[in-house]
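Engineer: Sequences and hints are given; from them, build the entire structure.
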Amino acid sequence: MTNKQLTNLVDFSEYKGVWIIAEQRFGQVLNVTKELLGEGKKLATSLNCDLTAVILGHKLIDWPADLVRYGADNVIYAEHELLSDYNVDAYSKVLGNLITTRKPEIILFGATSIGRELAPTLSAKLKSGLTADCTALEIDPETLNLLQTRPAFGGNLMATIQCANHRPQMCSVRPGVMKKAKYNNKCDGEPKVEKIIPIITQEELRTKVLKIDTSKSAEIAIEDAKIVVSGGRGLGNAKGFNLLRKLADKLNGCVGSSRACVDNGWISKPYQVGQTGKTVRPKLYIACGISGALQHIAGMEQAECIVAINKDPDAPIFKIADYGIVGDLYEIIPRLIDELDNIDDITEVLDICTESVSASNQM
Amino acid sequence: MTINIAVCIKQVPNTNQVKIDKKTGTLIRKGIKTICNPDDKNAMEEALKLKDKYDDVKITVISMGPSQATEIIKEALAMGADRGILLSDRKFAGSDTLATSTILATALRKIQEKEGLDIIFCGRQAIDGDTAQVGPQIAQHLDLPIISYVQELKYLGEKVQVKRALENGYMQIEAQIPVVLTTISDLNKPRYPHMRRIFDVFGKNPVIPVETWTADDLPDLDNTQIGLNGSPTRVIKTYTPDRTFKGEILEGETAHVAHILIESLKQKQIL
Ligand SMILES: Cc1cc2nc3c(=O)[nH]c(=O)nc-3n(C[C@H](O)[C@H](O)[C@H](O)COP(=O)(O)OP(=O)(O)OC[C@H]3O[C@@H](n4cnc5c(N)ncnc54)[C@H](O)[C@@H]3O)c2cc1C
Ligand SMILES: Nc1ncnc2c1ncn2[C@@H]1O[C@H](COP(=O)(O)O)[C@@H](O)[C@H]1O
Numbered sequence: 001m002t003n004k005q006l007t008n009l010v011d012f013s014e015y016k017g018v019w020i021i022a023e024q025r026f027g028q029v030l031n032v033t034k035e036l037l038g039e040g041k042k043l044a045t046s047l048n049c050d051l052t053a054v055i056l057g058h059k060l061i062d063w064p065a066d067l068v069r070y071g072a073d074n075v076i077y078a079e080h081e082l083l084s085d086y087n088v089d090a091y092s093k094v095l096g097n098l099i100t101t102r103k104p105e106i107i108l109f110g111a112t113s114i115g116r117e118l119a120p121t122l123s124a125k126l127k128s129g130l131t132a133d134c135t136a137l138e139i140d141p142e143t144l145n146l147l148q149t150r151p152a153f154g155g156n157l158m159a160t161i162q163c164a165n166h167r168p169q170m171c172s173v174r175p176g177v178m179k180k181a182k183y184n185n186k187c188d189g190e191p192k193v194e195k196i197i198p199i200i201t202q203e204e205l206r207t208k209v210l211k212i213d214t215s216k217s218a219e220i221a222i223e224d225a226k227i228v229v230s231g232g233r234g235l236g237n238a239k240g241f242n243l244l245r246k247l248a249d250k251l252n253g254c255v256g257s258s259r260a261c262v263d264n265g266w267i268s269k270p271y272q273v274g275q276t277g278k279t280v281r282p283k284l285y286i287a288c289g290i291s292g293a294l295q296h297i298a299g300m301e302q303a304e305c306i307v308a309i310n311k312d313p314d315a316p317i318f319k320i321a322d323y324g325i326v327g328d329l330y331e332i333i334p335r336l337i338d339e340l341d342n343i344d345d346i347t348e349v350l351d352i353c354t355e356s357v358s359a360s361n362q363m
Numbered sequence: 001m002t003i004n005i006a007v008c009i010k011q012v013p014n015t016n017q018v019k020i021d022k023k024t025g026t027l028i029r030k031g032i033k034t035i036c037n038p039d040d041k042n043a044m045e046e047a048l049k050l051k052d053k054y055d056d057v058k059i060t061v062i063s064m065g066p067s068q069a070t071e072i073i074k075e076a077l078a079m080g081a082d083r084g085i086l087l088s089d090r091k092f093a094g095s096d097t098l099a100t101s102t103i104l105a106t107a108l109r110k111i112q113e114k115e116g117l118d119i120i121f122c123g124r125q126a127i128d129g130d131t132a133q134v135g136p137q138i139a140q141h142l143d144l145p146i147i148s149y150v151q152e153l154k155y156l157g158e159k160v161q162v163k164r165a166l167e168n169g170y171m172q173i174e175a176q177i178p179v180v181l182t183t184i185s186d187l188n189k190p191r192y193p194h195m196r197r198i199f200d201v202f203g204k205n206p207v208i209p210v211e212t213w214t215a216d217d218l219p220d221l222d223n224t225q226i227g228l229n230g231s232p233t234r235v236i237k238t239y240t241p242d243r244t245f246k247g248e249i250l251e252g253e254t255a256h257v258a259h260i261l262i263e264s265l266k267q268k269q270i271l
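Note that the protein sequences, when read in sequence, are chains D and Y. With my numbering, letter number 183 in the first sequence gets 183, and the count goes up by one each step, no holes. With my numbering, letter number 187 in the second sequence gets 187, and the count goes up by one each step, no holes.
Hint data in this document are derived by calculation from the structure and do not stem from the laboratory. Given the structure is predicted, the values throughout are model-derived calculations rather than measurements. Be aware that a few hints might be false.
Okay, the calculated bits of chain D under chain Y, using three or more residues with CB under 8 Å as the criterion [what the hints assert, rightly or not]:
1) 69–76
2) 124–135
3) 204–211
4) 317–327
Once the Cα atoms are required to be at most 25 Å apart in a straight line, the calculated SDA-like pairs of lysine to any residue come out as [claimed, not checked]:
5) D:K103 x D:K192
6) D:K125 x Y:G227
7) D:K211 x Y:Y155
8) D:K179 x Y:D130
9) D:K278 x Y:P190
10) D:K125 x D:S13
11) D:K125 x D:I196
12) D:K208 x Y:E158
13) D:K250 x D:V177
14) Y:K268 x D:A136
15) D:K208 x Y:D143
16) Y:K266 x D:E223
17) Y:K268 x D:Q302
18) Y:K154 x D:T214
19) D:K93 x Y:P178
20) Y:K58 x Y:K237
21) Y:K237 x D:N156
22) D:K246 x Y:G169
23) Y:K189 x Y:K30
24) Y:K30 x D:Q302
25) Y:K33 x D:Q295
26) Y:K91 x Y:E71
27) D:K246 x Y:K266
28) Y:K204 x Y:T34
29) Y:K49 x Y:K159
30) D:K127 x Y:T214
31) D:K211 x D:I199
32) D:K180 x Y:I262
Beta carbons: idealized from backbone N, C-alpha and C, even for Gly.
Structural biologist: Put into structure tokens, the structure is as follows:
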């Protein structure tokens, strides 16, 4: 039996609308939420239905209405003291009830460390399918099912998945991949925000959050960084890393290094990439003044995109680079920084870390 | 009183070596080593640390998969687990995460009813699919609290206190026992199997044999919820990702080159 035939066996006409689950930490919405709004709008337009954003929290001020300014047709704001910070029992109870009663057709979650706990909990509660960490979404023009594409086997294979005979269709979406919705402050009329006050008691929550610490410096965690700006002997001295750090900061990334710099004492060992250092697999690896010795390449060749800046046109690093620039890094990097200064939305790029760090600083 | 622990472990291909047949878009299994999923070894190690510390701890490892998965169960027994169960049945084949978690949860409930379970450990995610869904789904099926991304664990008898990793820090969370925990590699460094136990487990007449359970051993299992047909999600297409880039040297005046580079990165959604 094909999937299409199966679809017709079940009546899904009750299920309508696209939902995105907004994620707030310390009252600030994460960047991935804006990406979900952008993607959700696209899907809602294909299906000719409404996009609803659901946000859970306590005493949220501007955000519920701002979700409309980022493109949601309407917003459901569940407000409760016990929803202030994420708690799996409280969040899954409130969302589970909302979903069961309102029956959305599609639900998108951000594939953050929290979204990836909340979404599977709900999928088991609702007994419907869930696809993790999607990088592309599309409506099948024939069946109107959601086609969910994601990498598998460590990115060696892409798989397109559908959930034809169950509703809602749920997926988590990898942060930093989808295009963010644009803020539009010229929305007509009052934003449609429906505030609900769910019933939750402390006693029914089996987990209790004692403390949240979001002060970890992103710097040392170079294995997790989406962007690594790495320096080699070509920097000439320890101060060169200040320039790289400036570029890395602009990109919300981290600094890395070849062994030559570590051996020279220009930077400490935790930053070393390579066979005897760390293996990184960022979205973007910028190698500055690194020749590209095999032992270095072993630690970074899996980057999705490699940019090399080197004076020597024959440097082996160019053989594996996606973009190469032959020249002096001290001339090129300042121009890259200028270029990034000129693009205003670039600072919002990708990383939800920075956003929540700054959010916690505001507390 | 015995502390009863279950650890869910999965056999996975070593994705560092994975090769895809470009024509068929399927995995070339020949010559690829299968291993115990790395996060699951951290789960195993954490259970063993509790066993080191407390007198009466019983660790059951459980895996769903084909008969070859016995290998990783034996490895876990050699590390120090007390009991190993393989869930294997053709009816289980093709299960997605929801169906897999349904099967595992049904088996875990059987153990729980007989001898009780205090902690169920899973790895955070399995490297074949990287979904991280099975742990939280098991918890929900069993109506137990879940804490995932565990990077530090304190066992306090009636409850546990854990550090749960966030992208930029952690949450400190307390949960009642019984609880489901999913582990990440920061939690510990998995030990090697004991020499003596290797002989006990892998020998001709193993001291601790691996038990195999089929669907018949799980009378509570709803056959409509398992296997390919019981799975709500289905893979309809696979393909190998295009390497989006063909190495390119950017030339010209510096400011222009910088502009081209940033624009190209944005266009390819790298920035
Ligand atoms: C067992 C073993 C393990 C090793 N493990 C590692 C490891 O884990 N990680 C690692 O990195 N290395 C490792 N190495 C060392 C490795 O072999 C190389 O020696 C090292 O990576 C070289 O570092 P580099 O590219 O920074 O320096 P170099 O090879 O000296 O290259 C410097 C480059 O900078 C360029 N340059 C100079 N000035 C400028 C400028 N102003 N602008 C632009 N470009 C400029 C030069 O053209 C040159 O290509 C290991 C070696 C061994 C034997
Ligand atoms: N077939 C299986 N057998 C045993 N445990 C599994 C199986 N599939 C998943 N798990 C457990 O669930 C975790 C998360 O897996 P996944 O959701 O596939 O990323 C794994 O690390 C295992 O602990």
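Engineer: Determine for every hint whether it applies to the structure shown.
Structural biologist: Status of each hint after checking the structure:
{"no.": "1", "hint": "69–76", "in the structure": "violated (count 0)"}
{"no.": "2", "hint": "124–135", "in the structure": "holds (count 9)"}
{"no.": "3", "hint": "204–211", "in the structure": "holds (count 6)"}
{"no.": "4", "hint": "317–327", "in the structure": "holds (count 10)"}
{"no.": "5", "hint": "D:K103 x D:K192", "in the structure": "19 Å, holds"}
{"no.": "6", "hint": "D:K125 x Y:G227", "in the structure": "19 Å, holds"}
{"no.": "7", "hint": "D:K211 x Y:Y155", "in the structure": "18 Å, holds"}
{"no.": "8", "hint": "D:K179 x Y:D130", "in the structure": "23 Å, holds"}
{"no.": "9", "hint": "D:K278 x Y:P190", "in the structure": "19 Å, holds"}
{"no.": "10", "hint": "D:K125 x D:S13", "in the structure": "21 Å, holds"}
{"no.": "11", "hint": "D:K125 x D:I196", "in the structure": "21 Å, holds"}
{"no.": "12", "hint": "D:K208 x Y:E158", "in the structure": "14 Å, holds"}
{"no.": "13", "hint": "D:K250 x D:V177", "in the structure": "18 Å, holds"}
{"no.": "14", "hint": "Y:K268 x D:A136", "in the structure": "14 Å, holds"}
{"no.": "15", "hint": "D:K208 x Y:D143", "in the structure": "16 Å, holds"}
{"no.": "16", "hint": "Y:K266 x D:E223", "in the structure": "22 Å, holds"}
{"no.": "17", "hint": "Y:K268 x D:Q302", "in the structure": "17 Å, holds"}
{"no.": "18", "hint": "Y:K154 x D:T214", "in the structure": "20 Å, holds"}
{"no.": "19", "hint": "D:K93 x Y:P178", "in the structure": "19 Å, holds"}
{"no.": "20", "hint": "Y:K58 x Y:K237", "in the structure": "43 Å, violated"}
{"no.": "21", "hint": "Y:K237 x D:N156", "in the structure": "14 Å, holds"}
{"no.": "22", "hint": "D:K246 x Y:G169", "in the structure": "23 Å, holds"}
{"no.": "23", "hint": "Y:K189 x Y:K30", "in the structure": "30 Å, violated"}
{"no.": "24", "hint": "Y:K30 x D:Q302", "in the structure": "23 Å, holds"}
{"no.": "25", "hint": "Y:K33 x D:Q295", "in the structure": "24 Å, holds"}
{"no.": "26", "hint": "Y:K91 x Y:E71", "in the structure": "21 Å, holds"}
{"no.": "27", "hint": "D:K246 x Y:K266", "in the structure": "19 Å, holds"}
{"no.": "28", "hint": "Y:K204 x Y:T34", "in the structure": "22 Å, holds"}
{"no.": "29", "hint": "Y:K49 x Y:K159", "in the structure": "17 Å, holds"}
{"no.": "30", "hint": "D:K127 x Y:T214", "in the structure": "23 Å, holds"}
{"no.": "31", "hint": "D:K211 x D:I199", "in the structure": "24 Å, holds"}
{"no.": "32", "hint": "D:K180 x Y:I262", "in the structure": "18 Å, holds"}
Hints 1, 20, 23, counting from the list given before, are not met by this structure.
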